[in-house]
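Assemble chain B onto chain A, guided by the hints.
Going line by line, the protein sequences match chains A and B. Our numbering numbers the first residue of the first sequence as 3 and each following residue consecutively. Our numbering numbers the first residue of the second sequence as 49 and each following residue consecutively.
No lab work stands behind these hints, which were simulated from the structure alone. Take the hints with a grain of salt, since some may be wrong.
[Claimed, not checked] A partial selection of chain A residues facing chain B, derived with a Cβ cut-off under 8 Å:
(1) Thr52
(2) Gly53
(3) Ser234
[Unchecked claim] To give an idea of the chain B side of the interface with chain A (calculated C-beta under 10 Å), a few residues:
(4) His50
(5) Val57
(6) Gly59
(7) Leu61
(8) Ser173
(9) Thr176
(10) Gly183
(11) His186
(12) Lys272
(13) Met273
(14) Tyr294
(15) Glu307
(16) Met309
(17) Thr311
In this text, all values refer to a predicted model and were calculated from it rather than measured experimentally. Where a beta carbon is used, it is the ideal one built from N, C-alpha and C, also for glycine.
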Amino acid sequence: MRQRSLMAMTAALTAGTLALTACGSRDEGNGGTAEGGETTVVIAVDAPLTGDLSALGLGIKNSADLAVRQANEKKYVPGVTFKFEALDDQAQPSSGQQNATKLVADKDVLGVVGPLNSSVAESMQKVFDDAKLVQISPANTNPALTQGPEWNGGTKTRTYKSYFRTATTDAIQGPFAAQYIFNKAKKTKAFIIDDKKTYGAGLAGTFTTEFEKLGGKVVGTEHVNPDTKDFSAVVTKVKNSGADIVYYGGEYPAGGPLSKQIKDAGAKIPVAGGDALYSAEYIKLAGAASNGDIATSVGAPIETLDSAKEFIANYDKAGFKEAYEAYGGYSYDSAWAIIEGVKKVVEDNGGKLPEDARAKVVEAVQTVSFDGVSGKVSFDEFGDTTNKQLTVYSVENGAHKPVESGTFN
Amino acid sequence: MHELPQQLVNGVLLGSMYGLVAIGYTMVYGIVQLINFAHGEIFMTGGFGALTVWLILPNGTTMWLALPLMLVGAVVVATTIAIGAERFAYRPLRGAPRLAPLITAIGLSLALQQAVWAWYPEAKSARTFPQIPGGPFHIGSVTIQTGDIFLIAAAPLCMAILAFFVMRTRTGRGMQATAQDRDTAKLMGVNTDRIIVVAFALGAAFAAVGAVAYGLKYGVVEYKMGFLLGLKAFTAAVLGGIGNIYGAMLGGLVLGIAETMATAYIADIPGMQQLGGQSWADVWAFVLLIVVLLVRPQGLLGERVADRA
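Only chain A is shown next, with the shape it has when bound in the complex (with noise of 0.2 Å):
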């Protein structure tokens, strides 16, 4: 019986280690060669495809998949395939980590997209960094990132040179939403509210200092836990404060809730917040009272752009199942940013891989200009974008419409 037993373990091992060596083969050598003399280089993305915030993820997923699909069907890259692979990070700082350490590890991927959160972005970079894999957000707005947790002091430095972001950065987004909501809404009387996390603190700090050095008044802040769906406590504060204004800084999930509860409770007050509440998913939880909330977003209404009318029929055209959502157009480029890296790296290197593919990306990603879905695309010396364009939107009839869209200057 006992030897029998040994038998099966050793058994099972053999095939273990055979399966392990299986999957090593594969991830050995630079840029690993298919069929036919072709160099696959794979370009992954980091998003959350599944829980609260996956209808931004699965967006930003789809659209990045168009990228490297088109890029295949136009062999932009003479001589390399594209490969997309993409992972799920359920919105985890700890599960982008493991994600970034295995796309690390395996040597065909020579760019991400992602990741959404600010504070799943933090657990990344510093890995990506170590292995100099370049990688790109759409998504991620918090200054920090790019600018070093000196940038409210004046001293900007850039720890990363290999992140990168097609997304404007809070430093402009909450000044802008406080000046419209100031200067145009015309509101006085603000309520912030954030969810504690780096997106929603920093955005809420922003808004603030502007909305203050305007002239308008704090009457009051809350920070909330946004795994709850019970805000009647602070909707009651809202109510008796006397604002005519409630700033969110943070993500639909709780911001929707948040709203519906707000009038549900009587108080016909607003519901204003940063990219995190530009998505239909907001309205569907906020329910028909949401009419008049205010979302900011970053670059301009992709469906306004002619640049975008091509990426819109092929992103119908490909049959998705999901929507592109807030960020499809910049995840589109980022991953577009990617590719032109590596065509410039391939035929700088008279048309093959260098030996550094990694570090070479990075730098030819540094100095990349062209015209994208959202505009001109092109990186400062932090990593961010230099496209400052922002939109305000408000909710109409059950749907986001643009009401001004502007840089903040």
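Just chain B now, with coordinates in the frame of chain A:
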């Protein structure tokens, strides 16, 4: 202080929901000394049971007709799963050391959560729950939403039914006997296996009512809604004295009011600005729990061995 009445109502509503779920923890613990950590997920499946009924009903059905049917759907789904869990997960471990069923409960909790996540259509993010039209209602300075009316009516009603059942019916007295001494109860002719099933089913039924109230109040049900609420309900059960059904309800109310009050007023105490607000409410709720357990280790209403049920 002018918002005090409203905040009290907020606390009582939140607490009633905790109480409804806490009953399930306390009854099962009272009879088999098992902390059924899957109870939060049974609560969650109740919510999805109600949602399923709503989705099956033809479009445009009025809430007055739909609500009772949804309630039935919630109770049927939750009790079925609870009875199944008892039969196939806990009963085989009846004689095992206490740790075994506890770990089983945690495993079952994860399994149920993931099953709903994976197989219920579009349940990977929150699903919207139908709402009762009309309202809100104003009584003096207090505003009550339509969805809350259900909770206000259901919680005391459930409590009364449970008290009557445990005190007056034959099965209820059997439950008390089993709780006091399972072996002696068996010798006296009580079918203890059946009693245990009834305890699981009753707890699940109340959790299902709580889940419908949750959906009506917050407008959504989601696969992970049972985790945090289950944890809070368990806390409420311990606070009130685990094993005591009135304690569960009282514990729920105390916890709900404590959380609400902490959110509303801690920040106004001079020097406590940093420790106030909703994100600190859980901390204060647990501080209260620790203080209560230091003074009364058996919980507010005590675990009086003689008549726990």
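Comparing the hints with the structure gives:
1. This hint holds: Thr52 (chain A) has a C-beta 5 Å from the nearest C-beta of chain B, less than the 8 Å allowed.
2. For Gly53 (chain A), the suggested interface contact is upheld, since its CB lies about 7 Å from the closest CB of chain B, less than 8 Å.
3. Of the supplied interface hints, the one on Ser234 (chain A) holds, with its beta-carbon coming within about 4 Å of a beta-carbon of chain B, less than 8 Å.
4. A distance limit of 10 Å between C-beta atoms decides the matter here; for His50 (chain B) the minimum to chain A is near 7 Å, and the interface restraint holds.
5. Given hint, Val57 (chain B) at the interface with chain A, holds; its Cβ is 8 Å from that chain's nearest Cβ, closer than 10 Å.
6. For Gly59 (chain B), the interface hint holds, the least distance from its beta-carbon to any beta-carbon of chain A being 8 Å, beneath 10 Å.
7. Because the closest C-beta pair between Leu61 (chain B) and chain A is about 7 Å apart, less than 10 Å, the hint holds.
8. Interface hint status for Ser173 (chain B): upheld, as the beta-carbon distance to the closest one in chain A is roughly 5 Å, under 10 Å.
9. Annotation: interface hint on Thr176 (chain B) holds; nearest CB of chain A at approximately 6 Å, less than 10 Å.
10. Using the Cβ-Cβ criterion of 10 Å, the hint placing Gly183 (chain B) at the interface with chain A is satisfied: the shortest such distance is roughly 8 Å.
11. Nearest Cβ of chain A to the Cβ of His186 (chain B): about 7 Å, under the 10 Å cut. The hint holds.
12. For the restraint placing Lys272 (chain B) at the interface with chain A, the shortest Cβ-Cβ distance is roughly 8 Å, inside the 10 Å limit, so the hint holds.
13. For Met273 (chain B), the suggested interface contact is upheld, since its CB lies about 7 Å from the closest CB of chain A, less than 10 Å.
14. A least Cβ separation of about 24 Å between Tyr294 (chain B) and chain A goes past the 10 Å threshold, and the interface hint is therefore violated.
15. For Glu307 (chain B), the suggested interface contact is upheld, since its CB lies about 7 Å from the closest CB of chain A, less than 10 Å.
16. Evaluation of the Met309 (chain B) hint against chain A yields a held restraint, the C-beta minimum of about 8 Å falling below 10 Å.
17. Annotation: interface hint on Thr311 (chain B) holds; nearest CB of chain A at approximately 4 Å, less than 10 Å.
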